[in-house]
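Colleague: Sequence:
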Amino acid sequence: MSKTESIHGTWASRWVFIFAAAGSAVGLGNIWKFPYIVGENGGGAFVLVYLACILMVGVPVMMGEVLIGRRARQSPVNALHELATETGVDTRWSLVGLMGVLAGFLIFSFYSVVAGWVLHYVALSGSGQMVDLGQEQAGDLFNGLLADPSTLFLWHSLFVALVMTVVAGGVINGLERATRLLMPALFALLVVLMGYSSTTGQFGNAWNFLFGFDFGALSWDGVLVALGHAFFTLSLGMGAIMAYGSYMPKKASIGGAVLTIAALDTLVALMSGLVIFPIVFATQMDPGAGPGLMFVTLPVAFSQMPGGQIIGFMFFVLVALAALSSAISLVEPAVAWLVERKGFGRLKSCALIGALVWLLGIGALGSFNFLSDFEPFGKNIFDLLDFVTANLLLPLGGICVALFVGWRLKQSISADELAISNPLLFKVWYALIRFVAPVAIGFIFLQNL
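Per the working numbering, the very first residue in the sequence shown carries number 1; after that it's consecutive.
Just so you know, the hints here were simulated from the structure itself, not pulled from any lab data.
Among the hints, a few may not be true.
Stated by the list, open to error - Calculated lysine-lysine pairs in the DSSO-like style (CA-CA distance at most 30 Å, straight line):
1. Lys410 <-> Lys250
2. Lys410 <-> Lys3
3. Lys3 <-> Lys379
4. Lys250 <-> Lys427
Just so we're clear, the structure is a prediction, and the values are computed from it rather than from any experiment.
Input sequences plus hints: build the corresponding full structure.
Modeller: Printed below as a string of structure tokens:
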């Protein structure tokens, strides 16, 4: 039977869970990656395919992760062990939870390095050091940062300390309090920045770029990109949503909450596009600049615009908030597992996880400078961590969750937790998680390899 409360605490309401899970889903990828892949792949045609992928793959798997977490009220490893026991199947399914915990831990080690770049740019833009930048100067500024291990070390260390301080506060005083501050601030900044972008004279062009239907520009590769982003954007396969689900109030509707989270995640991504592209177009920059868009193209654009210094500062604060809200969820599963398994206090668990992830992060930041020649398996440490998590652990985790919920977990447990009143809707969800999601995520897995 479902437990009433996790030993770690319970979210105060359904909306706190929604904002916390949306905070986990809304990360750096929403703000720099999603807008440019939309622009590259036919605008509105891509968005339509992406939304279909979210509904057919992302939402069903997310519902599966939440129901596992809420049913067992434990960390992903122990939750899967408990439900496997309850349903009478092999308890080694708990290894799926362990894989998710490991994935979150490894992602955080290099995510904190990129978040450190963002904090550095917050400081640069706030102190007026990014005025009158040319493309070459902006490129030199970014390359100079990557080549400077001491600066990278400082910001990486600060970001890890920030995240672990929040997580050490626990579910109520740490995660929930941070969520209540971060998410409203993030949306407020997005609205202000979108208001500014609407004054550039290029808002209509940006709208057409994002939403104009160009099926000719949407290739089969573009469909696979949409499928991959639909899976990765919701923080699936890393235990974060399972852990957050274990703190979810029993009476809250899982299906309604997950659809709201997916909608908020997509809304932030599209709003980010309407912030970025009017500025990019107004300054005649390249909208398909990829990852360089955030750290090279946009600083040049901001420096050329009236009030650009303030807008640039607000933009990088926005990105920092998104990075912080998602990073918190990356380490929560590992901390919760240590508390449950070893009986450690939260502070001790956070100190241990924080120290390990900080050390691994030093290797990741060294990939750009003093460890650039060290390439195990033909990749530097940063790229290797990215490859192992994004191409192996996350898709495998997603497939295993879909297979466990769809083929091993008693259907009555899923029905009890989801409490979907319409039998047809339950059957649709069940078919999607049994057949569509494993095949689709398998496709992502093979494509990435």
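Colleague: Against each hint, give a clear statement of whether it holds in the structure.
Modeller: Taking the hints in turn, this is what the structure says about them:
1. Between the alpha carbons of Lys410 and Lys250 the distance comes to roughly 19 Å, so the proposed pair stays at or under 30 Å and holds.
2. Of the pairs offered as hints, the one joining Lys410 and Lys3 holds, with about 17 Å between alpha carbons and a cut-off of 30 Å not exceeded.
3. The suggested pairing of Lys3 with Lys379 is violated, with an alpha-carbon distance near 45 Å, which exceeds 30 Å.
4. Distance check on the hinted pair: Lys250 and Lys427 sit about 22 Å apart at the alpha-carbon level, within 30 Å; holds.
Going through the hint list in order, the structure does not satisfy hint 3, though it satisfies all others.
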